[in-house]
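K.L.:
Take these sequences, add in the hints, and give me the full structure.
Mapped onto our numbering, the consecutive letters of the sequence shown carry residue numbers 1 to 476.
To be clear, the hints were calculated from the coordinates, so they are not data collected in a lab. Backbone N, C-alpha and C define an ideal beta-carbon position, used for all residues, glycine too. Don't take every hint at face value.
Stated by the list, open to error - Pair ranges (Cβ atoms, derived):
hint, residue 1, residue 2, range
1, P104, V157, 55 to 61 Å
2, C67, N372, 50 to 56 Å
3, G283, A120, 35 to 41 Å
4, G102, A329, 53 to 59 Å
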Amino acid sequence: MAAAWTALALLLPWLCGALWIRGCWRDSAVAGFWPMALGYGYVLGILAATLLLRVMDAVGIRLNFVCPATLMVVAAVVAAVGAWRGRTMPGRELVGGGNGEGPPGWQRLLWVLLVVWLAARLAVLALEVFWLPLYPWDAWSTWMVRPRAWLEFRRLVPFQDAGAWLGDPTGLVYHIEAWRYPLTVSLIALWTALASGQWLESSINLSWLCCGLALGLGCYGQARIWGATPLQGLIFVWLVLSLPLLDVHIALAGYADLWLATVFGMSAIAFMQWIRFQDRRQGILAVVLASFCPFIKQEGLVWLLLFLPPLLVTWLPRRYLLGLIGIIATFLGFWLFLGSGAFHVPGLGDFRITLETIQIPGLGQFHLMYWNNWGSVMENLLILDNWHLLGYLLLVAVGGIVLLRKKERGDLRVTTLFVLSMLLAVFGLFFLTEAGRWAEDFTSVNRIILHFVPALLFWTMTVFVQPRSRAPQDQG
Numbered sequence: 001m002a003a004a005w006t007a008l009a010l011l012l013p014w015l016c017g018a019l020w021i022r023g024c025w026r027d028s029a030v031a032g033f034w035p036m037a038l039g040y041g042y043v044l045g046i047l048a049a050t051l052l053l054r055v056m057d058a059v060g061i062r063l064n065f066v067c068p069a070t071l072m073v074v075a076a077v078v079a080a081v082g083a084w085r086g087r088t089m090p091g092r093e094l095v096g097g098g099n100g101e102g103p104p105g106w107q108r109l110l111w112v113l114l115v116v117w118l119a120a121r122l123a124v125l126a127l128e129v130f131w132l133p134l135y136p137w138d139a140w141s142t143w144m145v146r147p148r149a150w151l152e153f154r155r156l157v158p159f160q161d162a163g164a165w166l167g168d169p170t171g172l173v174y175h176i177e178a179w180r181y182p183l184t185v186s187l188i189a190l191w192t193a194l195a196s197g198q199w200l201e202s203s204i205n206l207s208w209l210c211c212g213l214a215l216g217l218g219c220y221g222q223a224r225i226w227g228a229t230p231l232q233g234l235i236f237v238w239l240v241l242s243l244p245l246l247d248v249h250i251a252l253a254g255y256a257d258l259w260l261a262t263v264f265g266m267s268a269i270a271f272m273q274w275i276r277f278q279d280r281r282q283g284i285l286a287v288v289l290a291s292f293c294p295f296i297k298q299e300g301l302v303w304l305l306l307f308l309p310p311l312l313v314t315w316l317p318r319r320y321l322l323g324l325i326g327i328i329a330t331f332l333g334f335w336l337f338l339g340s341g342a343f344h345v346p347g348l349g350d351f352r353i354t355l356e357t358i359q360i361p362g363l364g365q366f367h368l369m370y371w372n373n374w375g376s377v378m379e380n381l382l383i384l385d386n387w388h389l390l391g392y393l394l395l396v397a398v399g400g401i402v403l404l405r406k407k408e409r410g411d412l413r414v415t416t417l418f419v420l421s422m423l424l425a426v427f428g429l430f431f432l433t434e435a436g437r438w439a440e441d442f443t444s445v446n447r448i449i450l451h452f453v454p455a456l457l458f459w460t461m462t463v464f465v466q467p468r469s470r471a472p473q474d475q476g
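P.N.:
Below, the structure written as C-alpha cells:
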C-alpha cells in the first residue's frame, strides 16, 4: 500500500504539471513538445506541491496528503478539459526546416543505442536510490532533518538558532546549524512522506531520480524545439545525464544541488529559447522557474540576478544601455570611495558593499580577497573525473563562436553574455571571496558549478545546431 501512495505522490504532480503546460501550449504537434512538457511538468508540479503545503500550514490546517492531492487532481482535470477543447490536429512540422524525410538509418540506430544506454544508466541509478539509505553530511544535517520532524508533528515546526532553541519552553522549536536554509527541498521530501504516512527513505529518495529523469526529458524536448534533430537532441541529453557528479547527486539523494541545477538549468534553457524566438510561453516558464531559485538554496538569489544583464541587453536600445552602464559605474564609484557602503532595505535587512566587504541578507557577509585558485579549478574541470570532458567541450564551443563567426546570430551574442555572467559569478565566488577555500580544498567548487551545467551544455548545443527557421506558433 505504501508503494501505491508513493507512486501517486510522484506521478500526480507530474501529470498535473504536464497537463497545464499542454493547456497553455496549443501547438503541441511541434517536435519535442511532449518530452518538454513531461520534463518541465514534473518540476513545476512538485514545486506547486510544496507551495500547497506552505499554504496549508499558514492557514492552520494539519499537514496531510489528501487535501493538496485533491486540489491537484481538480487542477489536472481542468487542464485536461482545456487542452481537449483547444486541441489542434496533428501536423507534420519538422525542426530545422526539414523536407519531411526521416533521418538516415544509421542515425536511427545510434539514437536507439543511446536510449538503451540512458535507460540502463537510469535503471542503475534507480537501484542505487532504492537500496542506499540516506547518505551523510548535508542530507543528514540539514535537508532531511526538517521533514522528519514535520512528518511527526504534521506542521512546519520552526527551526531556529541555538539561542531560540535553548530559550523555548514549549519544545516545538528545533535547531540545526543551517537553520536559515530555504525549505523547498525539505518540503519535496515531506510530500512523499505524507503520501505513505511514514518515513521510508527508499521511497522519499525517488524524487531525486524523478528530478534527473525530468531534467533529461526537458533537455531533449527543448533541444528539439530549438531545431535539433532527434540524434542531436539525444546526444545533448547524453552529455547531461552522463556527467559523473550529476549522477552522484541522483544516486546519493538528499542534497539540494540537483534541484537547483534542474530548476535554474530549465529556467535558463527556456530563457534562451525566449531570446531566440520571443515565445512568451518560454518566457513565462523561465520567469516561474527562476523565481523558485532563491527558495531552493541561498545562492539561488544570486543566480536569479544573472538573468538581468541579458534582459537589459535584449530590452534596452544600445544608447540607453550605455547610459545605464555609465550611471551605475558612476554611482558605484562614489558609493565605494566616498560613502559608507551600507544601507537598509525594510523587510530584507542590512546591505553593505565596500571594497573590503559584501553583506547581503540571507547570504551572509563575504570579505573580499584574492585567491589564486586557477590550478585547483582547472584541475577540477579539466583533469579530475567529475566532469569527464565538459571543460574541453566548453573550450570547443568558445572556439566555435570565434571560428564560425556567427555574426548573424544576435541571440547567440545575448546568450553568450548570459553564459559569461555565470562564469563571472563562479569567478567572483571562488577567486574574490572567502568561499575561495571551497575551491582550494576541492569541496563545494564542483557542487556550485553543477548548478550551471545544464544551461552551459544547452548553450554549447546552440553554438553548433542551427535554430529552426521560424518560431513555434504562440496560440496560448
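K.L.:
It remains to establish, for every hint, whether it holds in the given structure.
P.N.:
Results for each hint:
1. One distance hint, 55 to 61 Å for the beta-carbon pair P104 and V157, holds here, with the actual separation near 60 Å.
2. A hinted range of 50 to 56 Å for the beta carbons of C67 and N372 is consistent with their spacing of about 55 Å.
3. For G283 and A120, the hinted distance range of 35 to 41 Å is satisfied, since their beta carbons lie about 36 Å from each other.
4. Restraint check, G102 to A329: a C-beta distance of roughly 54 Å satisfies the suggested window 53 to 59 Å.
Checked against the numbered hints above, the structure violates none of them.
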